[in-house]
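Engineer: The lines below spell out each chain.
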Amino acid sequence: MIKRFLPLIGFALVASLLAFGISYMRNNSMNEVPSPLIGKPAPSFRLPVLNQPERFVSNADLAGKPYLLNVFASWCFACREEHPLLMAEGRSLGIPVVGFNYKDETADATRWLQQFGDPYSVVIVDRDGAIAIDFGVYGAPESFLVDGKGIIRYKQIGPITPDVLAFELKPLLASLKGAAP
Amino acid sequence: MRAFSLALCLALLSPAMAWAIDALPFKDRAEELRFQHLTRQLRCLVCQNESLADSSADLAKDLRREVFDQMQQGKDDDAIRQYLTDRYSDFVLYDPPLRGATVLLWFGPLLVLLIGAAAVTRIVRKRAAIQHNTAPGKGTEEDW
Numbered sequence: 007m008i009k010r011f012l013p014l015i016g017f018a019l020v021a022s023l024l025a026f027g028i029s030y031m032r033n034n035s036m037n038e039v040p041s042p043l044i045g046k047p048a049p050s051f052r053l054p055v056l057n058q059p060e061r062f063v064s065n066a067d068l069a070g071k072p073y074l075l076n077v078f079a080s081w082c083f084a085c086r087e088e089h090p091l092l093m094a095e096g097r098s099l100g101i102p103v104v105g106f107n108y109k110d111e112t113a114d115a116t117r118w119l120q121q122f123g124d125p126y127s128v129v130i131v132d133r134d135g136a137i138a139i140d141f142g143v144y145g146a147p148e149s150f151l152v153d154g155k156g157i158i159r160y161k162q163i164g165p166i167t168p169d170v171l172a173f174e175l176k177p178l179l180a181s182l183k184g185a186a187p
Numbered sequence: 598m599r600a601f602s603l604a605l606c607l608a609l610l611s612p613a614m615a616w617a618i619d620a621l622p623f624k625d626r627a628e629e630l631r632f633q634h635l636t637r638q639l640r641c642l643v644c645q646n647e648s649l650a651d652s653s654a655d656l657a658k659d660l661r662r663e664v665f666d667q668m669q670q671g672k673d674d675d676a677i678r679q680y681l682t683d684r685y686s687d688f689v690l691y692d693p694p695l696r697g698a699t700v701l702l703w704f705g706p707l708l709v710l711l712i713g714a715a716a717v718t719r720i721v722r723k724r725a726a727i728q729h730n731t732a733p734g735k736g737t738e739e740d741w
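Each protein sequence line maps, in turn, to chains H and L.
Residue numbering for the first sequence is 7 to 187, as defined by our numbering.
Residue numbering for the second sequence is 598 to 741, as defined by our numbering.
Next up, chain H with everything else stripped away, as it sits in the complex (with noise of 0.2 Å):
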């Protein structure tokens, strides 16, 4: 008798495994690509600070304190979308916001921060993407946390969301404030 239902129980299994398939994919993006340098110094760069030129800054000037890299341009959409809560929250982080205007142009990337205002400590630029590359950057917005040691220990990659700040960036640096005051 069982032997009956057996075509209904495969198709049940193979309907099964595309649900599980399906529902895996909303809740963990295949689209991410995991960053082989978190616990990974950054890349080392030197690059000029956005509308003075001659000015550069580099890993060792931002060494001795964590540090959030956001890699923004000003013809990334999902960059605008972000902007506010950088805007509003991200001075409660209490550490500095680099803005790393990623292959664009100076006059829009200064017009852009005109506009929705501009929430980082200093922006550098890298015009031609180069050092975007040894960062592993695919796209915009994407942010580092960046520690004291120059060790990357978190990436997100998209927009920094209200609970990606709450759950994820927060607790990191109390954490990492806890093991080096």
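None of these hints come from the bench; they were simulated from the model.
Possibly wrong hints are sitting among the right ones.
[To be verified] For lysine to any residue, the following SDA-like pairs were computed, each having C-alpha atoms within a straight-line distance of at most 25 Å: (1) 155(H) / 178(H); (2) 46(H) / 698(L); (3) 46(H) / 720(L); (4) 109(H) / 178(H); (5) 109(H) / 137(H); (6) 658(L) / 38(H); (7) 109(H) / 667(L); (8) 109(H) / 698(L); (9) 161(H) / 699(L).
[What the hints assert, rightly or not] Covered, in the sense of this in silico footprint (three residues per stretch, anywhere, with C-beta under 8 Å from a C-beta of chain H), are these stretches of chain L: (10) 659-666; (11) 681-687.
All figures in this text were calculated on a predicted structure; none of them were measured in a lab.
Glycine is no exception: its CB is placed at the ideal position from the N, C-alpha and C atoms.
With chain H's structure known, arrange chain L on it following the hints.
Structural biologist: Chain L alone, transformed into the frame defined by chain H:
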């Protein structure tokens, strides 16, 4: 009509040549083939269903340039692949290496094949047993 067929032929040919979007200065055909071969094995990170060779995404263009530059510096294919995996993880490789996290990827299909083979063997054996027990020529209930 002839002009139309010619135009059609050219239009049909163009996708095959579409990869040559960058017009990189290769020194010879061999180098160009090596470049094509290598970039076909690499995944574009922006449009993840496209290879680095095919994608017209901005980042893909930059990475093609990077691959080209490193070839000019005399780096071999493995070194270039390593350069990219250091930054973008195994994800950039269409042919990921065998390691802990990729065991299922490599042997999953084989596992499914074995399950299928076991099921088929079971069904065939059962049928053979039924045929053996019933008179030849007489259909059984289990004919599906």
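Engineer: Taking the hints in turn, state whether each one holds.
Structural biologist: Against the structure, the hints:
1. A hinted pair counts as satisfied when its Cα atoms are at most 25 Å apart, and residue 155(H) with residue 178(H) qualifies at roughly 15 Å.
2. A threshold of 25 Å between alpha carbons decides the hint, and for residue 46(H) with residue 698(L) the separation of about 20 Å falls inside it, so the pair holds.
3. Restraint check for residue 46(H) and residue 720(L): not satisfied, since their Cα atoms lie roughly 54 Å apart, outside the 25 Å limit.
4. For the suggested pair residue 109(H) and residue 178(H), the alpha carbons sit about 29 Å apart, so the restraint of at most 25 Å is broken.
5. A distance of roughly 10 Å separates the Cα atoms of residue 109(H) and residue 137(H); the hinted pair therefore holds under the 25 Å criterion.
6. About 20 Å separates the Cα atoms of residue 658(L) and residue 38(H), which keeps this hinted pair within 25 Å; it holds.
7. The straight-line distance between the Cα atoms of residue 109(H) and residue 667(L) is roughly 21 Å, inside the 25 Å bound, and the hint therefore holds.
8. Restraint check: the Cα-Cα separation between residue 109(H) and residue 698(L) comes to about 34 Å, which exceeds 25 Å; the hinted pair is violated.
9. Between residue 161(H) and residue 699(L) the alpha-carbon distance is near 22 Å, which keeps this suggested pair within the 25 Å criterion.
10. Counting residues of the segment 659-666 of chain L whose C-beta sits closer than 8 Å to any C-beta of chain H gives 3, which meets the bar of three, so the coverage hint holds.
11. Under a criterion of three residues with beta carbons nearer than 8 Å to beta carbons of chain H, the stated coverage of the segment 681-687 of chain L is upheld, 5 such residues being counted.
Going through the hint list in order, the structure does not satisfy hints 3, 4 and 8.
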